Amino acid sequence: MFATLSDRLAATLGDLRSRGRLTEEDVARAMREIRLALLEADVNFKVVKTFVDTVRGRAVGEGVLTGLNAPQQVIKIVNEELTALMGTGSAKLTFASQPPTVILMAGLQGSGKTTTAAKLAALLMKQGKKPALVACDVYRPAAIDQLKTVGAQVGVPVFERGTAEDPVDIAQWGVRQARSQGRDVVIVDTAGRLHVDEDLMGELVRIRDAISPQNVLLVLDSMTGQDAVNVAETFRERVAFDGIVLTKLDGDARGGAALSVRAVTGIPVKYASVGEKLDQIEEFHPDRMASRILGMGDVLSLIERIEESVDKEQAAELEQRLRTNDFTLEDMLQQLRMLKKIGSITSMLKMIPGLSRQMNNAVVDERALDRVEAIILSMTPAERLRPDILNGTRRARIARGSGTSVQQINALLVQHKQMKKMTRSMVTGSMPRIPGMPGLGSTGASKKRKKKR
Amino acid sequence: MFLGLEPGAAVPEADEPERRPGLFRRLAENLSRSRKAMAAQIQAIAFDPADDSVWEELEEALLLADCGVPATVEIIGRLEREATAGGLRTSQELLAAIERIVASLLAGSESRIDLAARPTIVLMVGVNGAGKTTTVGKLAEHARRAGVSVVVGAADTFRAAAGEQLETWAERAGADFVGSTRGQDPAAVAYDAVSAAVARGKGVAIIDTAGRLHTQGGLMDELTKVRRVIATRLAGAPHETLLVVDATTGQNGLQQARLFGAAVPLTGIVLTKLDGTAKGGIAIAIAHELGLPIKLIGVGETLDDLRPFAAAEFAAALFGR
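As they're listed, the protein sequences go chains A and B.
Just so we're aligned, residue 4 is where the first sequence starts under the numbering used here, counting upward by one.
Just so we're aligned, residue 20 is where the second sequence starts under the numbering used here, counting upward by one.
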């Protein structure tokens with residue numbers, strides 16, 4: 004497996020110091036590494052070509068390749084160019100001056116239209132809108148049932164007329180229905196279709212013409228390869244979509260397709276779907292995609308997610324206790340639960356720069372946290388506060404109660420002891436603080452207080 | 020028919036006279052389309068082994084087909100060696116060599132699903148939206164046509180209406196349907212499906228599972244459990260564990276194959292949605308790294324569009340535009 008682009012460039016250009024200046028061959032090798040990294044990330048071949056030319060032009064023009072820290076300079080240029088390609092700021096939906104606002108969902112089979120339609124409805128509801136869904140997929144068996152189920156889950160009405168009618172009529176009727184029932188956004192789900200399927204593309208055009216949507220969203224699987232540009236170009240020609248929803252971003256796909264599509268069509272990605280649960284959709288941050296494509300992690304999103312998930316008061320309280328008391332198993336349990344709220348370990352590790360590539364083959368045991376939780380919950384309150392009383396009999400009982408083994412309990416106790424030591428040194432200020440992490444010093448205030456002491 | 024029935028049980032061809040012309044016509048059309056495109060492409064290249072731009076164009080075609088860098092390097096390397104040895108002088112020879120190399124990378128890909136065991140258990144796995152349920156449905160119908168009785172098990176207990184979707188296919192194929200309620204343990208459904216196939220003396224049980232991203236550790240464990248429960252219920256089962264891969268998938272497909280393979284030993288790939296403009300080169304990358312054969316391809320929405328894999332046709336289509 005390849006390391007990150009930074010590692011590769013460092014390996015290619017790194018020994019520069021010993022030689023003084025780069026040869027033409029060195030430059031070519033560096034560009035080759037960039038090319039490979041982008042191809043591995045599924046950026047379209049042609050986009051890669053243009054991109055590498057741009058980077059080469061800048062690198063040569065700015066003379067960075069004769070400098071001492073050439074690898075970092077090249078990375079900087081690559082990052083800037085990628086970000087420029089992806090665009091900045093998040094693109095919003097267009098709302099109609101006269102409701103309802105109509106959103107048409109389109110895309111290939113299996114890209115995630117139906118799920119995304121429901122997620123979008125849930126998100127809009129959270130923003131104070133009153134959305135409705137219209138089921139126009141009359142082809143895939145049970146597609147309508149699926150939309151009805153997810154619609155009910157998020158509490159949004161679903162307008163459907165079975166599979167016997169023309170999707171164009173259903174769409175039109177659905178929008179009317181939404182208007183008469185006072186819904187202010189109507190999301191029209193359509194059947195998945197291949198961009199080369201003349202009949203179905205024609206149908207999509209007719210649906211669009213019949214309901215004049217303010218937004219046409221192309222739903223794009225983030226795992227898509229080189230073909231993404233063909234798909235996007237055809238859909239743009241036919242239905243002039245104006246936004247992209249990138250799905251399945253919770254996987255480990257680097258998502259180069261998003262870059263390709265953006266580069267070729269200039270149309271922005273508006274939303275990213277990041278999980279199977281119906282609230283797992285978020286506004287897309289194009290600037291963060293660059294580092295994901297390069298395998299450089301997404302620290303911003305990680306910090307944001309931690310901040311969202313951690314209850315600040317709870318964290319402060321925990322920290323307060325840590326300063327006065329010892330770190331008990333009860334505290335460990337609480338910390339663990341905060342950690343779990345942030346997301347899966349794998350998804351967090353992926354956001355850490357440098358780690359994402361190495362993690363590629365590793366399978367993290369997501370249930371480790373559950374096991375620890377089960378073990379602590381199987382202890383009596385006294386045991387949680389004073390782990391030293393845990394003798395063999397007690398340990399055997401806890402193992403039975405939590406469905407684990409005595410060995411696992413021993414391991415946990417060792418871990419707890421280490422954490423206790425660590426937190427003590429942190430509270431006394433001998434370790435660097437990580438923002439947002441309970442016990443690791445979240446409130447800037449604690450630092451100030453310490454100074455006063 | 021691509022189901023590998025033992026010779027004695029083979030369905031006589033005269034059995035389905037109406038269907039055969041259609042199947043053949045479609046096949047011929049596809050072949051001639053890709054051959055024409057390929058021929059045009061190769062002629063445009065006007066093969067001269069000493070010309071660097073030829074190699075660049077070949078490389079471009081392979082990368083654009085999602086073959087990925089390592090497999091592309093491998094294919095180009097082998098071609099260059101043949102060219103150096105003097106074996107490649109014309110475009111035709113180049114073409115033949117490409118077909119041969121792709122076929123050798125895809126070793127075993129033309130093997131069929133073996134229905135020797137009674138019942139044969141087929142487990143279908145893959146990421147969300149790859150086309151598992153549809154493939155299960157079509158496979159059931161093909162088995163019925165081949166005179167093999169079928170049970171389908173709806174072990175996708177997560178996605179809304181996945182059971183209903185499969186039930187519709189089961190009805191079309193006249194297959195027994197073992198349903199589930201949403202949120203039920205998929206391993207229990209798989210167990211019931213295998214039990215039903217054994218008890219009713221069916222020829223094959225095809226088990227659909229929920230789409231899951233390979234990075235979801237908990238869901239991959241669930242899959243391991245489904246397989247273990249099947250193996251416990253019937254020794255030697257599942258006989259086939261097929262990873263369904265969407266042909267539009269990029270390099271992430273490799274990671275899918277690695278991690279699904281770690282959770283449940285895979286016996287082959289089903290490459291779906293080849294009827295678009297995607298070439299499905301990721302299957303070559305998977306075969307190159309993991310040695311997994313392609314067993315079936317999906318080239319359209321109708322039943323006849325689920326097909327056995329043919330290496331030469333696939334290699335040719337890689338260069339079609």
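No wet-lab data here; the hints were simulated from the structure.
Errors might be hidden in some of the hints.
As the list claims (entries may be wrong) - Mimicking DSS-like on lysine-lysine, the simulated pairs with C-alpha atoms at most 25 angstroms apart in a straight line are: (1) K151(A) with K129(A); (2) K129(A) with K79(A); (3) K423(A) with K273(A); (4) K244(B) with K280(A); (5) K95(A) with K52(A); (6) K343(A) with K244(B).
Stated by the list, open to error - Some chain B residues judged to face chain A by a derived CB distance under 10 angstroms, without partners named: (7) S72; (8) S168; (9) L185; (10) A266; (11) Q270.
Predicted model only: the values in this text are computed from it and were never measured.
Idealized CB from N, CA, C, for every residue including glycine.
Right, here's what the structure says about each hint:
1. K151(A) with K129(A): holds (19 angstroms)
2. K129(A) with K79(A): violated (38 angstroms)
3. K423(A) with K273(A): Violated, because 44 angstroms separates the two Cα atoms, which is more than 25 angstroms.
4. K244(B) with K280(A): holds (23 angstroms)
5. K95(A) with K52(A): violated (30 angstroms)
6. K343(A) with K244(B): holds (24 angstroms)
7. S72: With a closest approach of 14 angstroms, the S72(B) hint is violated.
8. S168: At about 22 angstroms, which exceeds the 10 angstroms cut-off, the nearest Cβ of chain A leaves the hint on S168(B) violated.
9. L185: With a closest approach of 8 angstroms, the L185(B) hint holds.
10. A266: holds (8 angstroms)
11. Q270: holds (5 angstroms)
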